[in-house]
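Engineer: Residue numbers (the numbering used here), protein chains in the order written: chain A, 152 to 427; chain W, 63 to 377; chain D, 255 to 548.
Keep in mind the hints are simulated off the structure, nothing from the lab. Treat each hint with caution, since some may be false.
Which stretches of chain A does chain W cover? Using the computed rule of at least three CB atoms under 8 Å from a CB of chain W, they are [said to hold, decoys possible]:
1) 218-228
2) 258-266
3) 319-325
All figures in this text were calculated on a predicted structure; none of them were measured in a lab. Idealized CB from N, CA, C, for every residue including glycine.
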Amino acid sequence: MSALLTVDRLGVRIDGPDPVDLVHAVDVALAPGERLGIIGESGSGKSLTALAVLGLLGHPLVAHGSARVATDAGEVEIVGTPSRRLDRVRGAIMSAVFQEPLSSLDPLMRVGKQVAWPLAHHRGLRGDALRRGVLDALADVQLSDPERIARSYIHEISGGQRQRVAIAIALAAGPRLLIADEPTTALDVTVQAGILELLQREVAERGMALIFISHDLPVVSGIADRVLVMRGGRQVELGDTAQILGAPGDPYTAELVAASRRLDDFLPRSTSGRDA
Amino acid sequence: MLLLAFALAVTILFVVLRVLGNPVFALISVGATDAEIAAAAARLGVDRPIHEQFFAYIGQLLSFDLGQSFTNHLNVGDEIVRRLNVTLPLTLLSFTLSVLIAVPVGFFAAWKSRTWYGTTFSAVSQLGGAIPVFWVGILLVAVLSLGWRLFPAGGFPRTDWEDPGAALYSLALPVITIAIVAGSDLARYVRSATLDILGQQYLRAARAAGQSFATALWRHGVRNGVVPLISILAIQLSTTFVGAVIIERVFALPGLGDMLLVGIKEQDFPSVQGVLLFSTALVLVLGFIADVLQRIIDPRLRDSLSGNRRTKALA
Amino acid sequence: MTATILPTVPAPAPAPAASARRRRARRSVNLAVGAALFGLIAVIGLVSVFWTPFAYDDTTGDRLQPPSLEHWAGTDRLGRDLFTQLMIGARLALAVGFGSVLIAAIVGITLGLAAAVARRWVDDAISSLLDIAIAFPTLLLAMLIVAWRGASLDSAILAIGLAGAAVIARLTRITATRVLAMDYVTAARTSGTGTLGILRRHVLRNVWPTLIVPLALQFGGAVGAEASLSYLGLGSPPPNASWGRMLQEAQSTVLVAPTAAILPGILLVALIIGVNLLADGLRDVADPTSRSIR
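Throw the hints in and build the complete structure from the sequences for me.
Structural biologist: The structure is reproduced here in structure tokens:
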């Protein structure tokens, strides 16, 4: 099976008179349906890597290297391609959920309208079919009372509900890859487990690949098959979750694992011990 | 809220103009006899107790009677309306032109903020807030009117708007002057607001869902960007109005500004009071409209009337 | 490492070092240019207190002369030396700037602090007043006060200062309210410090950095407002030579004697831009959390 996403020496640099490398040479290949966790502290470059893969780096940030995603029309190189050419790849092939739904969603637009756009644009739904599609999408992310939520503005619903809406929007076009950048970090602890479960379920049901970015090792290890450890913009280690946890190769990774164990806060691999 | 503000302003004006200033002496030439002073005082009503004066004043206002000018005995209200023929088009045209200049310029300065265009803009637009509008007027008159004879150097046709071409022609240079100065100032705000919007995460998230830059900007950016801009535009309109007052002096236009300045010079209190009341009402109404518009667009503002919540919501 | 609830991550910024360095370089250029412009005019103004080439009302010169060795900037329509007037104008502009900023600061801070510690309804009342005052154009307010007190330097400074006080008051009120909600203030209160003491020791100290830049910016606005007032004939009468009034006098003879109509304007722009650049340069020093319009 050929890889869905091939990242080859991907880097991110600030362009200008004295260029600075923020991310150095990330190498990873993602198979369809595979779940990859990217872990690192703040400033480790994990979010920048995600944005580079999405082709959404803003001036003066520039990606170099290669990141290729497989579409029906063949492989598409993301690095170096003008952002507007990637519009048809985003949403349909890969999409993203970000950390803070309060700022990732439009505060002046009703939820239903925001969910409607990808459904209309990527799936061509109109009129009644669109309206039903919106309600179905909201129900799919386990929001009770989808009609009320669709009519609401984002400041009228809770943080957990907002993130579910963001996930609904990201999944609306049925992408093959979902990039989740710290999706639970801004949420209350009691709500986090619910979101994680939702992501796990969606990914499994749709056979999607997932890139889950976080600074929280227990959370990542609960959801990922493989883990990529980043530090200071560099890829430190890449391996199966079990191997990373059990026998970390790199001293930094070992530190992370030890610190997590010390807090005795593991999420076991298959179930969540907490209330949603 | 609006009424309270207006009532407050009215009272303040009354206190300042009637109580603190003394209009009687303005009317009297030096060397008047006591009898003449008393007669003048009686005519103005300043010999009556203060609270009687105040109620008479309020009563006058409620019936839209702004009194008569001390100097030429014309009805102040009528005179204001007449002079609005000049000041209103001047203000509105200047405002429109300044917005037409500022929005694209400011937007591009933000969009291409890291290119030479953006940095040049930052430098040049500093001038916008610093350069006095009357100086620009003087210079433009010197070059374009007196020098190249492209525009009239001043004045307004006696036929008023019966000949719209001539009227517009005499307003052209004043409008351009105000628009240049106000526009470059406004452009800085537009640039700042645009930079703000462009950095917003909902644009990034929208693009991640597949929206093109233009679509994301149109669907999400515009409405969000407009909200703070509305307040700024309301203030800008007030500023343009003030600019018009000054510019009327530069170009010898017979508008409200002229009425105000002549009134101050001649201590013609009803005229001064009338223009100031009108300006106050205008500013307050504009602010009120801006407020209402913002509430319509931004649902977060609707739930409360307190400004504190609003600041938090937009934080 | 349990997950913590982090504040919103801003859009990924370039590594702090490089862009901050660039920003600081630009800021120091701004600061240098601003200081140079402001310094130049300040020196001219200061010198004018002790010495000017001619007396202000010396009308012995020929009228409307261009710059010459005798009259460095030429003469005006009454034969008075323009350079002298420019120097006096500098002094006046600085006086207006400092005077009105001082008034704005004193009145504004007092009002803002009062609103912050007062009861809810008093606070609301003051806030509404401030909103009105801020929306009301400075120049109209100035004209009102001038109409009342007559045209003079004091009237202008008072009017412009009061107009600026409203903005300062609102900013003070917001910042003070925030500081008053802090834990160390609560701690001070429980240990017995009275309101006045808290204001003095904690609130004031934390509030004034936020005010530096707005006050500095008001300087430029004040100079511009006074110039407008003088142009309209509502400024201080002679022998206070305001640049604004010089421009008004030069307007009718602008083609014959252009220097008289150009130089005062250039100095006005130079002073205002200089102060604004200084204010911008102070931003990093004063309040690193503020966002600039620039």
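Engineer: Hint by hint, say whether it matches the structure.
Structural biologist: Going through the hints against the structure:
1. For the segment 218-228 of chain A, the proposed coverage by chain W is not satisfied: 0 residues have a C-beta within less than 8 Å of a C-beta in that chain, short of the threshold of three.
2. For the segment 258-266 of chain A, the proposed coverage by chain W is satisfied: 3 residues have a C-beta within less than 8 Å of a C-beta in that chain, meeting the threshold of three.
3. With 4 residues bearing a CB less than 8 Å from a CB of chain W, the segment 319-325 of chain A meets the requirement of three and the coverage assertion stands.
Hint compliance for this structure: hint 1 is the single one not met.
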